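*Asks:* Respectively, the protein sequence lines represent chains A and B.
Using numbering that gives the first Met the number 0, you'd call the opening residue of the first sequence number 0 and step up by one each time.
Using numbering that gives the first Met the number 0, you'd call the opening residue of the second sequence number 0 and step up by one each time.
Rather than coming from a laboratory, the hints here were simulated on the basis of the structure.
Keep in mind that this is a model prediction, so the values were computed, not measured.
Even for Gly, the Cβ is constructed at its ideal location relative to N, Cα and C.
The reader is advised that the hints may include incorrect statements.
Said to hold, decoys possible - One side of the interface only, derived from the structure: several residues of chain B facing chain A at Cβ under 10 Å:
# : residue
1 : T179
2 : P184
3 : K370
4 : N527
5 : V574
6 : K576
Unchecked claim - Not close to chain B: a few residues of chain A, all C-beta gaps over 12 Å, as computed:
#  : residue
7  : G13
8  : G35
9  : F80
10 : D135
11 : A146
To be verified - To give an idea of the chain A side of the interface with chain B (calculated C-beta under 8 Å), a few residues:
#  : residue
12 : A16
13 : G20
14 : E57
15 : Q58
16 : Q62
17 : K65
18 : V67
19 : N117
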Amino acid sequence: MRHVISALVMNEPGVLAHVAGMFSARGFNIDSLVVGRTEDPALSRMTIVVNADDRILEQVRKQLAKIVTIVRVRDYKDLPFVERDMALIKVATPAGKRSEIIETVDIFRGRIVDVSPNTLMVMMAGEEEKIDAFIDLMRPYGLKEVARTGVIAMPRGSSTVSAPDDETGAHAIGGVTAKREALVKPPKGWHADKREPTQEELEATPPG
Amino acid sequence: MTTASPIGARGGTSTPATAKTAAPITYKAITTDQVSDLQVIEKKVDANGLPIMGHPPGLSTRLVGKTGSQILIQMLAEHGVTDAFGYPGGAILPTFDALYDAKINFILVRHEQGAGHMADGYARATGKPGVVIVTSGPGATNTVTALGTAYMDSIPMIVFSGQVRTYMIGNDAFQEADVTGIVRPVTKRAYLVKNVRDLPRIINEAFVIATTGRPGPVLIDLPVDVTTSKIEEAVDDTPHLPGYRPRVLGHSKMTKSAAEMINASKRPVLYVGGGAVLANAWKEVRQLADKGNIPCTTTLLGLGAFDENNPRALHMLGMHGSAYANYAVQESDCLIAVGARFDDRVTGNLKFFAPKAKIIHIDIDPASISKNVKVDIPVVGDARLCLRDIIEHIQHVERTEWFDQINAWKAKFPFTYRDDSKLAKPQAIIEAINRITQGKAIFATGVGQHQMWAAQFIRWSQPRSMISSGGLGTMGFGVPAAIGAQIGRPGETVIDIDGDSSFIMFPQELATAAQYKLPVKIAILNNNFQGMVRQWQQLFYNSRFSHTEMVNPDFAKLAEGFGVKGISCKRKEDVDKCVAEMLAYPGPVVVDFLCETNENVYPMVASGKALHDMDLGVVGQAPAPTNTARELGSLA
Numbered sequence: 000m001r002h003v004i005s006a007l008v009m010n011e012p013g014v015l016a017h018v019a020g021m022f023s024a025r026g027f028n029i030d031s032l033v034v035g036r037t038e039d040p041a042l043s044r045m046t047i048v049v050n051a052d053d054r055i056l057e058q059v060r061k062q063l064a065k066i067v068t069i070v071r072v073r074d075y076k077d078l079p080f081v082e083r084d085m086a087l088i089k090v091a092t093p094a095g096k097r098s099e100i101i102e103t104v105d106i107f108r109g110r111i112v113d114v115s116p117n118t119l120m121v122m123m124a125g126e127e128e129k130i131d132a133f134i135d136l137m138r139p140y141g142l143k144e145v146a147r148t149g150v151i152a153m154p155r156g157s158s159t160v161s162a163p164d165d166e167t168g169a170h171a172i173g174g175v176t177a178k179r180e181a182l183v184k185p186p187k188g189w190h191a192d193k194r195e196p197t198q199e200e201l202e203a204t205p206p207g
Numbered sequence: 000m001t002t003a004s005p006i007g008a009r010g011g012t013s014t015p016a017t018a019k020t021a022a023p024i025t026y027k028a029i030t031t032d033q034v035s036d037l038q039v040i041e042k043k044v045d046a047n048g049l050p051i052m053g054h055p056p057g058l059s060t061r062l063v064g065k066t067g068s069q070i071l072i073q074m075l076a077e078h079g080v081t082d083a084f085g086y087p088g089g090a091i092l093p094t095f096d097a098l099y100d101a102k103i104n105f106i107l108v109r110h111e112q113g114a115g116h117m118a119d120g121y122a123r124a125t126g127k128p129g130v131v132i133v134t135s136g137p138g139a140t141n142t143v144t145a146l147g148t149a150y151m152d153s154i155p156m157i158v159f160s161g162q163v164r165t166y167m168i169g170n171d172a173f174q175e176a177d178v179t180g181i182v183r184p185v186t187k188r189a190y191l192v193k194n195v196r197d198l199p200r201i202i203n204e205a206f207v208i209a210t211t212g213r214p215g216p217v218l219i220d221l222p223v224d225v226t227t228s229k230i231e232e233a234v235d236d237t238p239h240l241p242g243y244r245p246r247v248l249g250h251s252k253m254t255k256s257a258a259e260m261i262n263a264s265k266r267p268v269l270y271v272g273g274g275a276v277l278a279n280a281w282k283e284v285r286q287l288a289d290k291g292n293i294p295c296t297t298t299l300l301g302l303g304a305f306d307e308n309n310p311r312a313l314h315m316l317g318m319h320g321s322a323y324a325n326y327a328v329q330e331s332d333c334l335i336a337v338g339a340r341f342d343d344r345v346t347g348n349l350k351f352f353a354p355k356a357k358i359i360h361i362d363i364d365p366a367s368i369s370k371n372v373k374v375d376i377p378v379v380g381d382a383r384l385c386l387r388d389i390i391e392h393i394q395h396v397e398r399t400e401w402f403d404q405i406n407a408w409k410a411k412f413p414f415t416y417r418d419d420s421k422l423a424k425p426q427a428i429i430e431a432i433n434r435i436t437q438g439k440a441i442f443a444t445g446v447g448q449h450q451m452w453a454a455q456f457i458r459w460s461q462p463r464s465m466i467s468s469g470g471l472g473t474m475g476f477g478v479p480a481a482i483g484a485q486i487g488r489p490g491e492t493v494i495d496i497d498g499d500s501s502f503i504m505f506p507q508e509l510a511t512a513a514q515y516k517l518p519v520k521i522a523i524l525n526n527n528f529q530g531m532v533r534q535w536q537q538l539f540y541n542s543r544f545s546h547t548e549m550v551n552p553d554f555a556k557l558a559e560g561f562g563v564k565g566i567s568c569k570r571k572e573d574v575d576k577c578v579a580e581m582l583a584y585p586g587p588v589v590v591d592f593l594c595e596t597n598e599n600v601y602p603m604v605a606s607g608k609a610l611h612d613m614d615l616g617v618v619g620q621a622p623a624p625t626n627t628a629r630e631l632g633s634l635a
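Isolated chain B (complex conformation):
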């Protein structure tokens, strides 16, 4: 393989030419400080949370004489877009013609859903909005799952879809679909542009909406006659969004009372979600935990927002979270939620959730406040700025008893597994990856058991290193998301920890990885089963494994067919060697790790159970260890 790349320097930089012979594993890992340098969004938003645009909006002649397509390409550049993902087709051809001369790094995908997931992975890894360009009808409808994934996890993304000519709309024309109608529930806003004069304003609005407030995807539907006709005179491209007022600064009274409540608390717990990552608030989270001496747990999407090597880390909480995080939340007298939305996978049965705790909720979306759990002190605003205001008033409190209790739980119930099978345990493979990379890589995942084990057995220390579909739980997310992350952060190691079923749901993007020589590492934990569904069938459906056993292809051969290196790892003694080989290989690589089938994710809070009422499995057979647990146990 050569280092030459069809997309120039960007793609080539990530492929060290000498790596093939180099024995020690070398890869670049970034530090937290470097990550904040990556935050383009941070620099582009003023104190009101409004983006400062590349070109100041207003009445402007700069676009006069340009077609809709040319305007689109120019304005993408003005908004700092360097990369985009998509697939051409009839109704979007004018835009692809303009892309032919554009400086933008365009990634041709193999399925529009892949383009969406790539843009999503790109956005999660960099903080910049992901951009997708697809055609009308099926092209646009194929992005719906990706839009839903991004919408649930509040990921900034802008999808430009082709549309039939304005006068044909509604006539059931070829490749016509009511795309704005279809995507409305999974976008923050969906536009149908009817006149090219509106296009500049709409593009500006789309970037404002996608990247501010609680971020999310926006779709712009572009009829052929809009992208081909020209703007004849100066147009005003000032966003007109009279109903859009994202709150940025927390109210001072609220931040002050929040701080007072934290200072007065004996058993506080920080509960940090994906919003803290979206708001680039990891430094502030760290400061709050350190200054106030507060233990910190994160949600799946919050992983990386708090360094898990910190002694105050409680790791992930929730359905498959750590026992100590769940016990701590249930025993807590003050729960500080930062950019988290009290999802049912986190809270367990709401009736018994954090019964002793006063709840402080920092969230930019007022609709999240008191949606699932009654909040005592709501702080509406940007997590980073709100936390800064709170930290100002925070005092250091010893809380020896609380930490003793937590450390006792941590000692008693660590994440663990029994290495007792002939085949490798999936957890052992993730442990090996974690050990060899020291957790310093960008990890994408599919959805299922492997995703939970990755969350449990990788020691997350860097923000924007966890790329996973949390809210929607989209299987097949891993491969395209890893590719998107690799485009956004070339030169860094991107590892997709995938399951066999998740992988095979979206393998065709391997062709994209091969075409652009993107050195993504895909580690498939192959148990020839839909593992998580199998686990539920075993536990709740009397081991009736209805349609969950997979007959899989030879993944290594499949990869080779795509022009991607394939490695089969069939014996557990080979795991370390194969992980090393995967990391050392300079191009895209798929490793098929054959692993034990009958392995369950523990701890597990079954649906409808209280958070402390866990099936600990191998994590321990200890009785419910707290008074609350016993009290509540008798209630439940």
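Chain A on its own, in the form it takes in the complex:
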């Protein structure tokens, strides 16, 4: 099954290599991996698409979270989210076919960003399937070149991947919201119940 995972990572050299290395070392296959900047210059976001069953997905998520430079991991398994892929598509324009192609581009809400005597470059954003469909339609005319960004994604509503640290109960060390005091003494009233159960703990809780 196809899963989209979002990871906030520290914007440091070697993080991408670490993630890529972990995937190859553990034999996980990735469909796409996109890295880009976020609103916080110290953080980048990786959006990873994997095709795997739930057990593998769980391991991918946990192994990602285990990497020290990865700040937060979220998989969009049970979450409504928006995903977008963007593509630049260069298509040949055989004699008399140009307007037909432009019509199709309009239907798909793409934009023509470059024109030459016998080619067009189309920019298109949307879900992967839509772009796949458009590319298939362009094939008969003669696809010259395709460049795709891979999927980026974000949960719908007010939920975010970069939730404050205290929600997990475990205290990030020197994190955005962690206070200095956390380093030397435990916060007042700290006891086991304060910690939210982890996903796997919740799943395994016997009823009652």
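Model the placement of chain B on the given structure of chain A, informed by the hints.
*Replies:* Coordinates of chain B only, in the frame set by chain A:
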């Protein structure tokens, strides 16, 4: 030999001057209570699992005007580092210059891998992180095997490696290597320091990462211009690790349901791994077993976490574990894993592993939960604290039937061997060592048959007394690890039980033992073969012994060449005498015990077989003794 030591009191204390003439074997053994006093880590971690540092982190002027090297040395002291291991070289010379005046007890090794294994052995024996300082290029790449060994077994270690100047990086300079790139898969974190201002923070982070959560090695790559340039103004050395949140306390709902499940179970088994040792949780393991009346088995790395003289002990489980531990696990209705990771050497074929059991898994690493085996109740947190919460709710349950069954298995299938060869049986040599020391020493091992026999025939009773490469299975680990353990616990008896092939893979550190007069005892079980590989070739490759026979040097003479006492033990009647002589000798000593070649380790669960489906060998020819075994037998 004199008691004077080039490293002062620490090295000298372990060499009793009069021992040469003393007939009775005297050595100090420590009790479990004393071990917990050794736990510096325990005192340095607060309830959140965050280390309380020697110097409170924050904006500080204390390092102003100091070079990177001086900062490194000062901060090592602030973190309570008293010993370090390493080897100099061009790119790390500034740091070695600063070491010249430092109070730190620095051990010069003969190979950087040895430094890594020593730091590893040191960490396993003391609970403190091991520290390694090596040069760039080959110096750093030589530590990779040691890092891998420590990473697989979750051992806290920090390696400082030299690096070429920052502006030369990427130019294929002399002794340059992309070290952070090379070690990334075998470290918890690898840093390349680009500016001396970052160094204090990075050192603090390294100690946090190496010693908390699931511990592991960290590498810090130090370019020459970083170690030579000075900090000009106050710097903030607060660790910045927004993505690092080790869980410490188990969730109360989980610990409670775990306790309820244990109370309700009829045939529970405690399965204790190296994590229990790392978490200093041996008292809690004991309490849980005693209070709940639960039999307890340990993994190779868990040996010592539960006193094997306790009637509830099932000894080691797994591929070469005891038949009774394996049967108990397969028959169990509630398996309580503590700091263990369901390694394939423990579980056998996963499809048939503990088929009747509900599984409770206590582990600090969430990624270990349900990785190999589907877990029913996961408890994520520090083993010690989680166990305390569980013990609170535990009730004593009689379980007479279960213990009767276990005791019947124990009576029927004890670890055993036939003493029927002209040469000494390797098991007999280990038995002799165990008998004479009463198991109260620190034991290091190489990897292979001798390692398994040591696990089987030593009655482990003390935590942090088993120092062995479990996950990676690094041959040659024994000698340097024993040296590291001896540095960490001077005055105690450290015995390396080694194989001839494991020993000869890393013998050069004998020179280190001689230089620092470290009284490590090295007992080589010499069968002139790579015994474990030979066993597999015999059993699975039609006795085609492809490249496993060793032509060995005279180990006693080799030792003498290093300035280490060498003893040859060629006859089986001499075994006891030689063991006694080895233990009585006040300095480093190598004993070459010639032993029978054609001896196999039993029981054995062959690859792909279910855990109860053992080749019992001499342990017994009994049929599979349980209903489960029969049911599963027909499935397999």
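*Asks:* Would the hint on T179 of chain B stand, with a C-beta cut-off of 10 Å toward chain A?
*Replies:* Holds. Min distance 6 Å.
*Asks:* For the hint on N117 of chain A, does the least C-beta distance to chain B fall short of 8 Å?
*Replies:* violated, 43 Å
*Asks:* Report holds or violated for the interface hint on V67 of chain A, using the least CB-CB distance to chain B and a cut-off of 8 Å.
*Replies:* holds, 5 Å
*Asks:* Would you assess whether G13 of chain A, listed as outside the interface, keeps its beta-carbon beyond 12 Å of every beta-carbon in chain B?
*Replies:* violated, 6 Å
*Asks:* Does Q62 of chain A pass the interface check with chain B, least Cβ-Cβ distance below 8 Å?
*Replies:* holds, 5 Å
*Asks:* Given a cut of 8 Å on the nearest C-beta pair, is the interface hint for Q58 of chain A held or broken against chain B?
*Replies:* With Cβ-Cβ at 6 Å, under 8 Å, it holds.
*Asks:* Take the shortest C-beta to C-beta distance between V574 of chain B and chain A; is it under 10 Å?
*Replies:* violated, 45 Å
*Asks:* Report holds if the minimum CB distance from G35 of chain A to chain B is greater than 12 Å, and violated otherwise.
*Replies:* Non-interface label stands for G35 of chain A: nearest chain B Cβ at 18 Å, farther than 12 Å.
*Asks:* Could you let me know if the closest chain B CB is still more than 12 Å away from the CB of D135 of chain A?
*Replies:* Per Cβ check, D135 of chain A is outside 12 Å of chain B; nearest 40 Å; holds.
*Asks:* Do the numbers back the hint for G20 of chain A, that is, is its least Cβ distance to chain B under 8 Å?
*Replies:* holds, 6 Å
*Asks:* Go through the hint on K370 of chain B and say holds or violated, using the shortest Cβ distance to chain A against 10 Å.
*Replies:* holds, 6 Å
*Asks:* Hey, does F80 of chain A actually stay past 12 Å from chain B on C-beta?
*Replies:* holds, 21 Å
Hints 4, 5, 6, 7, 19, counting from the list given before, are not met by this structure.
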